[in-house]
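Chains A and B are the protein sequences, given in the same order.
Note that numbering that gives the first Met the number 0 numbers the first sequence so that position 88 is 87, with each residue one more than the last.
Note that numbering that gives the first Met the number 0 numbers the second sequence so that position 80 is 79, with each residue one more than the last.
You can't tell identical chains apart in this list, so a pair holds if it fits in one copy or across any two.
Computed cross-link-like contacts, DSS-like style, restricted to lysine-lysine with a CA-CA straight-line distance of at most 30 Å: (1) LYS390 with LYS302; (2) LYS94 with LYS68; (3) LYS293 with LYS394; (4) LYS390 with LYS293; (5) LYS68 with LYS293; (6) LYS302 with LYS394; (7) LYS68 with LYS79; (8) LYS144 with LYS395; (9) LYS94 with LYS302; (10) LYS396 with LYS293; (11) LYS78 with LYS92; (12) LYS212 with LYS194.
Just so you know, these hints were derived from the structure itself, not from any lab.
2 protein chains.
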Amino acid sequence: MEYRDNFNPTISDEDVFTEIKKERESIGYYNLPFTDTTLFKEYAKNVKQSNIVVIGIGGSTLGTYAIYKFLKHSRDLSKKLFFLETTDPIDIKSKIEAIDLQDTLFIVISKSGTTIETLSIFKYINSLIKCDKHNTVVVTESDSKLKSYADANDMVSFEIPKNVGGRFSVFSAVGLLPLAIVGIDIDELLRGTQKVYNDFFEQKEFYSRILKKARFLVEYKYNFNINVVFSYSSRLEGFNKWYIQLWGESLGKVDINATRQGLTPIGIIGPIDQHSFLQLIVEGRRDKTVTVIKVDNFDNDLKIPDIELEGLEELNYLNNIAFSDLINKQADATIESINNLGDIPCDVITIDGVCESAIAALMYEYELLTSLCAKFMYIDAYNQPGVEAGKIILKKKLETN
Amino acid sequence: MEYRDNFNPTISDEDVFTEIKKERESIGYYNLPFTDTTLFKEYAKNVKQSNIVVIGIGGSTLGTYAIYKFLKHSRDLSKKLFFLETTDPIDIKSKIEAIDLQDTLFIVISKSGTTIETLSIFKYINSLIKCDKHNTVVVTESDSKLKSYADANDMVSFEIPKNVGGRFSVFSAVGLLPLAIVGIDIDELLRGTQKVYNDFFEQKEFYSRILKKARFLVEYKYNFNINVVFSYSSRLEGFNKWYIQLWGESLGKVDINATRQGLTPIGIIGPIDQHSFLQLIVEGRRDKTVTVIKVDNFDNDLKIPDIELEGLEELNYLNNIAFSDLINKQADATIESINNLGDIPCDVITIDGVCESAIAALMYEYELLTSLCAKFMYIDAYNQPGVEAGKIILKKKLETN
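With the rest of the complex left out, here is chain A (with noise of 0.2 Å):
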C-alpha cells in the first residue's frame, strides 16, 4: 500500500507568476488594455441621441458604472447614462418616466444572450417605443440568441469575447462602448491599465506588493474572512460595488481539496461610514481587514467658509479649509486610529486624482489581485457554478406560471 498527498501545498511567488502567465494565453481580460478602440469611438462619434440607456445586469453594468460615477462631475459629458438592471417594477417605471424614450439610445448587454432581467426590461421597452437599428446596439458573445436578434433586425452590434467573464469585462465593448459614447476617453482608461499590467509583467516594485498582499490575504483568511474596502470619496461608491461583485463572485468557490473557500467583500465610503461601519472595525472581532482608498488631487477648491456662526464659536478651527483636505485628513485619521490599535490588517491606495487612467488602474490592480488570491486558494476565479441551481428552479417556477 502506498499513500501520498500534499493538499493545499504552499506555491511559490514564481509558481504564481508561472501560472498567471499561462492563464493570460486562455483568460482574456488579461489583454484588454491592449483592446483596439477604434470601432467604438467611430459608433460613439455618430451618436445622436442625448440619452444612453444601458440594459444589463451585474457584469454588464457594474463596471460601467463605477467609472461614470466616478467621473461625471468631473468631465463636461454630452449625454448621460442610465441603467436598467433590475426587475423591480417601481424601479423600472420611476427611472422610464424620468427618460425622453424618443431621445433614447438603448445598449442592451448579455453575454450569454439570454438574460431574464436584460432581456425582460427589453421586451417591455419594445412596448413602449419601437427599438430598431437606429436606437438599439446590442452587446453579447457571438453565436448568442441576442446575436441573432440583431442580426435579424440588422442592428449593430459588439462582442464580448467568451474567453472574457462578465465581471472581468469593464475593459471589453462592455465598457468602453458606452463610456466612449457618453463621452469618457477611453484611451485613457486603457493608458492607466497599461501601466499596471506592465508594472505587474515586468515584476516591477507593484508586482512583489501585489503578491504580498495576495498571500498575506490568503494566508490569513481564516484570521480575516471579511475584506473591508473604506473609500474616502462618495465618487468610489460604484467602484465599491464593482468590487463586491469581483471579489465575491470569483473567490467564493469550492477548491481543488473540495474545501469551501470564500472572503467576504465589503464596500463602505468614509467618512460616512465613520459614523456607521468604523465602529464594528475598531471594537468589534478581530475578523477584517481594511483597506483604505483615498484620492490624492479632488481637483476641486470648495472650502469651510471663515464665517463665524453665534453659538458655534468653538468651531471656528474649521474655517478656511478645503474639502478636499478636510476628507484626505479624515482618511489619515482613520487609518492611524486603527494602525495604533496594532491588530488589524491595514493597507492604503492613494490614487492620483479624478481621472480616467486612475479608476482603471485601481480596477485592474483589482482584477489582477482576484487572480492572485484564486491561485493562492486553488480554485477558479473565472466561473459561477453556484449560481445556476437558482437560475433552474426559478425557469421551473416561470414556465408553470
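Model the placement of chain B on the given structure of chain A, informed by the hints.
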C-alpha cells in the same frame, strides 16, 4: 482562597425580557412609537419651500433616507428631499448645483450639535445663501451648541432626547420632521411601529420568533459571523444601509468579559446581487446567515408584454408575467436554492407592501432584534466608544493646519 465566576452565562428568555423591560425605562427609542406628532405636522403645514435639504450624517440621515427611498415613487409627494452628508467636495458641489437654494428649507440635524461634517457643510451653505429662521430649522439635543446657535438666531428647533441614540432616532424628530414635511404619513409610520411594540411587549407570537432569532444569531456567532440581508426590491436599498449602521455600530463592542464581539452586517439587493454576491453565499465558506426580505404587494401592474423578438423566441415563456411576480419568484428561487443546500441559516421576512406602516414595522423590528442580540452578547448596544480615538486624532490634525 476562593474563586467564583460564571463568565458568559446562558441567559433565559424571561431574564432577557425582564432586562429589556427595565431598559425601556432609560433607553428612549423603545417609546418612540408613541411620539406626539402634532408639532411636526404643524410645522410641516407651513413650509413653503419645494426643496428640503437635510444636512446631517450617519444616524441623522440614514433612517430618513431609508423611508424616503422606499416610499417616494409610491406617494404623490409635494416636495423633494435631499441629503448633504459627506465632506467629499465633488459630492457637495454637484448636489448643490442641482438645487434651487432660494426655494430650499435646510434641516440641520446633529445630536451632539458639533458634528464636523454637518457643521462644515452648513458653514459652506451660509456662504452661498443667508440662513435664517425663514429657511433653516435645527434638530439637536436640548443643550447643544447648535441649539444655542438656533436660539441666538431665533430659529425653530426640535429636540433629540438625550436617551435616544442617533442610529435609533428615526422615529423621533430626526426622521419624523423631514418626512412629514415632504408628505409622508408619519402617523402611519408610528402605527407600524406600535403594532410591533405591542406584539413584543404583550409577548405575542412575534415575541417568541424574534427571541429565537436573536438567540440563534448570538449562539452561532463564531460559526456565522456575517449576517446578510438580501432585500428583493431596489426600494429597500436605503433600509439596507440603515441596517448596516444599526447592526455594525450597536453590536461591534467589547463585552463584560472584555472579549471582542461583533456580527458583521451585509446588505444586498435582489435580483441584482444574484449576479454578484450569491455565488459567495452558495459555494463559499459557511460563515453567513441570510435573511431574505420580500415585498408582498408592489401595487404596480407593469408586465412583460406579449411580444416575440426574432431570434429570441425561446424567451417567450416570460411573456405576460408581471414584474412584481417575476421579482418575487426570483426571491423564491433563491430561497429554495439556499434551503436545498441545507447548511445555510436562512429566514424570510415578507412585508405587506410599499407603505408607511410596512417599512416602519420592519425597522422597529430590527431595532428590537439589535437590542436582544446585545443582551445575549453582554454588550451595550447604545454607545460607540470605538470612534472617539479617530475624532481626537482628526481634531489635532485640523487644529495644527
